[in-house]
Amino acid sequence: MRNTSRNFYLIPYVLWIILFVVTPLFLVLYYSFFDIEGHFTLDNYKKFFTTVYLGMTLSSFWYAFLITLFTLIIAYPTAYLLTKTKHKQLWLLLIILPSWINLLLKAYAFLGIFGTYRAANSFLKMIGIGSKQLLFTDFSFIFVSVYIFLPFMILPIFNALNELNPSLVDAAHDLGGSSWTTFRRVIFPLTLDGVKSGCQVVFIPSLSLFMLTRLIAGNRVITLGTAIEQHFLVTQDWGMGSTIAVFLIIAMVIIMIVTGKKVVSKVL
Amino acid sequence: MKQLSRAFAAVLLVSFLLLYVVFKLNSAQGYTNGNTLIIYNWGDYIDAKLIDRFEKETGIKVIYETFDSNEAMMTKIEQGGTAYDIAVPSEYAIQKMNEENLLLPIDHSKIPNLKYIDPRFLDLPFDPGNKYSIPYFWGTVGILYNKDILGDKKITKWNDLWDPDFKNEILLIDGAREVMGMGLNSLHYSLNDTNKSHLLEAKEKLDKLTPNIKAIVGDEIRMLMENDEAAIGVVWSGTAAELMWEKDNLEYVVPEEGSNLWFDNMVIPKTAKNIEAAHKFINFMLDPKIAAQNTEYVGYSTPNKEALKYMDKEIVNDKRFYPDEEMTARLEVYENLGKKMLAYYNELFLQFKIHKK
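These protein sequence lines are chains A and B, in that order. The opening residue of the first sequence carries number 0 in numbering that gives the first Met the number 0; numbering runs sequentially from there. The opening residue of the second sequence carries number 0 in numbering that gives the first Met the number 0; numbering runs sequentially from there.
Hint data in this document are derived by calculation from the structure and do not stem from the laboratory. One should not assume that every hint holds.
[Unchecked claim] Among chain A residues calculated to face chain B with C-beta under 10 Å, some are:
(1) Ile35
(2) Val51
(3) Leu110
(4) Asp236
[Unchecked claim] Covered by chain B, according to a simulated footprint, are these stretches of chain A (three or more residues, beta-carbon under 8 Å):
(5) 127 to 136
(6) 210 to 223
[Claimed, not checked] Lysine-lysine pairs mimicking DSS-like chemistry, simulated, CA-CA at most 25 Å apart:
(7) A/Lys131 - B/Lys146
(8) A/Lys131 - B/Lys355
(9) B/Lys23 - B/Lys60
(10) B/Lys207 - A/Lys45
(11) A/Lys124 - B/Lys166
(12) B/Lys338 - A/Lys131
(13) A/Lys46 - B/Lys338
(14) B/Lys355 - B/Lys207
Since the model is a prediction, treat every value here as computed from it, not as a measurement. Just so it is clear, CB atoms sit at the ideal spot from N, CA and C, and this is done for glycine as well.
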């Protein structure tokens, strides 16, 4: 009786997984074998390995890498300082708050801030640097992406730091470790899992960013996500769009394996 | 087990209750079956006051939704699951939708106001006899530029854009046919060219324009031009008209080499539930005074001859927005090139976007 009722509880979950996770994945794979006129073909895969799409893949990875790197550089010290503050939860809430606002809204706000005659440039002028083109540059794209992803990186690192037993740090100090050595040999290795999961939640979505590439980068940055959107909505070449999606999925699986060794080996 | 079935029953009960409330709310507001009209239009493409007026005059409740590209609209209607009574596609999309049997014929006897439409805009190749579509607006693609920033420089043709002085000053609209068309036109080829070597040539020519391009954007182009973010923008005529009313230092030209002439027509998609109301709405929008009011709000050119009488003479006589027949002769209408050719256009457009400065 117990067992059957437990299985019974599983039904909604299994159905959900089959309908909304497994089936779409197979559909993506299935569509990737058809050309625009609905004939079975492998041309989409051949096309993917041309300079156009490989170049796009490389540049997507490069931008995703930069975004993840800068997010990490900013997020780690922030998370560290957060654990030292008095009202941790309040500060954390304030940092997470912006992520409740719709992404598009934030992107439009930056469109205003970075404009030639707007706030950011007035500030640059005031401090004597002079007006610069900010909008539609690599800088603005990475800046806005980092801003958007920051809370997702801070959270896991904060949790890892928060769970860290302070007596370990004290012990390191007592044994003569300098602050830097303590950080390098004790704190960082113990929070590595937080860093890894933070990198995952930032790197993977930044591979397929697409609205920001138009709004903030003015289509001067093309990611795999942009190409997929184009193929599905404009060209209606679902085959090619799916093919790119297949490679994106493969890339994500590889990243998961690289960054999440423990989880995977447990499953296997 | 018992608990679970009780939970299930509770969920079902709550769902039905909510459904009932929704139904009651809707009917209280007049949203009953057969009394609603669902309109699917481009963003910011109607004077919202006219919808209120239509609701008041006919007692029909309007549900209004918007799209931002013909392709997105067609995909949604093709997929089904929608019940749009009116949609406003452009000419090549009408042709395509008709080929795919997505449109219902329009009963002209129910649209007496059709007589106000300029015959120039009726019976066009994409819909002979206007069996499936009724003109809503028309316009061109051209160059909007800021006289203050450019100084003595004047722009009259596409090829002027390649001037090295315009480094980082051009905004383009994010449309494959518009941008590729600009490349083709600058080489004096047709907008509907399907010769692959011509298309490649156009793409290479566009690549040379990249140092001058600041960004390739969507509807934000309006806001960006308004804030003087760039000196030059390749835009649709309505965007230009609207901006020029606000800013005196902007000028719009339809390039000498030729450009695109487009039509947006109202159609009744196959998914329509309230065909009667759809006809009523089309007829309502064709009323000269209403068309005039709508035109003054939207900024595009109206095909309604009678409406011109109720509009500002300055606008009506402006050849930039109401080009005469001599000028329209060098403009071209997009033809439906077929999925494969469209895919090729998009492929080249994507390559052009990736091309680094």
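Okay, the hints, checked on the actual structure:
no., hint, in the structure
1, Ile35, "holds, 5 Å"
2, Val51, "holds, 6 Å"
3, Leu110, "holds, 7 Å"
4, Asp236, "holds, 5 Å"
5, 127 to 136, "holds (count 3)"
6, 210 to 223, "holds (count 7)"
7, A/Lys131 - B/Lys146, "holds, 22 Å"
8, A/Lys131 - B/Lys355, "holds, 20 Å"
9, B/Lys23 - B/Lys60, "holds, 15 Å"
10, B/Lys207 - A/Lys45, "violated, 28 Å"
11, A/Lys124 - B/Lys166, "holds, 22 Å"
12, B/Lys338 - A/Lys131, "violated, 42 Å"
13, A/Lys46 - B/Lys338, "holds, 17 Å"
14, B/Lys355 - B/Lys207, "holds, 10 Å"
The structure does not agree with the numbered hints 10 and 12 stated previously, though it agrees with the rest.
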